[in-house]
Amino acid sequence: ETGVTQSPTHLIKTRGQQVTLRCSSQSGHNTVSWYQQALGQGPQFIFQYYREEENGRGNFPPRFSGLQFPNYSSELNVNALELDDSALYLCASSLLGQNYGYTFGSGTRLTVV
Amino acid sequence: DAKTTQPNSMESNEEEPVHLPCNHSTISGTDYIHWYRQLPSQGPEYVIHGLTSNVNNRMASLAIAEDRKSSTLILHRATLRDAAVYYCILNYGGSQGNLIFGKGTKLSVKP
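In order, the protein sequences belong to chains A and B. Residue 1 is where the first sequence starts when you use our numbering, and the numbers rise one by one after that. Residue 1 is where the second sequence starts when you use our numbering, and the numbers rise one by one after that.
Chain A extracted, bound-state conformation (with noise of 0.2 Å):
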């Protein structure tokens, strides 16, 4: 297993920027979400692709977009950054369904100044 890598590690824009995180997803999930963990909280759902398309989006506006791969990696983008975007933003794999688990990378540290 190859795991869930993201890039970069830490990020640090301006407010009013656009910027795009990277994620790889596990060997053989088709599946990629994205999360937003603001400190001391648990991480929010932004929103899930399958097959290359949005299929399941939580409660972002849409200056919160993404893109999966045929190769199923994924990017998120965000545009018009605001100070409260300075979170850590993971990317999570895995196989569609309930009854399978989601592989987590270590995450990207944005910080918004």
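Bear in mind the hints are in silico, worked out from the structure with no lab data behind them. You may find that some hints are simply not true.
Said to hold, decoys possible - With a straight-line Cα cutoff of 25 Å, these simulated SDA-like cross-link-like pairs (lysine to any residue) come out: (1) B/Lys-103 x A/Gln-98; (2) B/Lys-106 x A/Leu-88; (3) B/Lys-3 x A/Gly-56; (4) B/Lys-69 x A/Asn-99; (5) B/Lys-103 x A/Gly-16; (6) B/Lys-69 x B/Pro-17; (7) B/Lys-110 x B/Lys-69; (8) B/Lys-103 x A/Gly-101; (9) B/Lys-3 x B/Gln-42; (10) B/Lys-3 x A/Gly-40; (11) B/Lys-103 x A/Gly-56; (12) B/Lys-106 x A/Ser-86; (13) B/Lys-103 x A/Phe-64.
Predicted, not measured: the structure shown is a model, and the values here were computed from it.
Given chain A's structure and the hints, the job is docking chain B onto it.
Showing chain B alone in chain A's frame:
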């Protein structure tokens, strides 16, 4: 949204068993019970999951009540590396990847 209730924190001694409880009184028949843990500065790590029967793996055991309204994660011999926040989550039909994390239980392990 399917919800779970866990104690905020628990303490254990090293090499002793730990029982982490979780209440999920609104669980429905097709909801799977998942447990994850998160060590400091890391992403969550899958621990175990089950539907109705008790489950064992190399990391832990999951005991599910007969009415499925509660479950217990059992670490058979706690080590210092087990100190983490443990999340009990219901993975429900149609969740589409939305694992709803609560605040979890922060487990401290004393040497």
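Now for the hints, and whether the structure bears them out:
Annotation: proposed proximity of B/Lys-103 to A/Gln-98 holds, straight-line Cα distance about 21 Å (limit 25 Å). Between B/Lys-106 and A/Leu-88 the CA atoms are separated by roughly 19 Å; this keeps the pair inside 25 Å, and the hint holds. In summary, the hint linking B/Lys-3 to A/Gly-56 is supported, as the alpha carbons are separated by about 19 Å, within the 25 Å threshold. Between B/Lys-69 and A/Asn-99 the CA atoms are separated by roughly 18 Å; this keeps the pair inside 25 Å, and the hint holds.
For the hint linking B/Lys-103 to A/Gly-16, the alpha-carbon distance of about 30 Å lies beyond 25 Å, and the restraint is violated. This hinted pair checks out: B/Lys-69 and B/Pro-17 have alpha carbons roughly 23 Å apart, not beyond 25 Å. The suggested pairing of B/Lys-110 with B/Lys-69 is violated, with an alpha-carbon distance near 30 Å, which exceeds 25 Å. Of the supplied pair hints, the one linking B/Lys-103 and A/Gly-101 holds, its CA atoms being roughly 19 Å apart against a limit of 25 Å.
The hinted pair formed by B/Lys-3 and B/Gln-42 meets the criterion: a straight-line CA distance of about 24 Å does not exceed 25 Å. Restraint check for B/Lys-3 and A/Gly-40: satisfied, since their Cα atoms lie roughly 19 Å apart, inside the 25 Å limit. Distance restraint check for B/Lys-103 and A/Gly-56: the Cα-Cα separation of roughly 22 Å lies within the 25 Å cut-off, and the hinted pair is therefore satisfied. Pair hint B/Lys-106 plus A/Ser-86 holds up; C-alpha atoms about 23 Å apart against a cutoff of 25 Å.
Simply put, B/Lys-103 and A/Phe-64 have alpha-carbon atoms about 24 Å apart, close enough for the 25 Å limit, and the pair holds.
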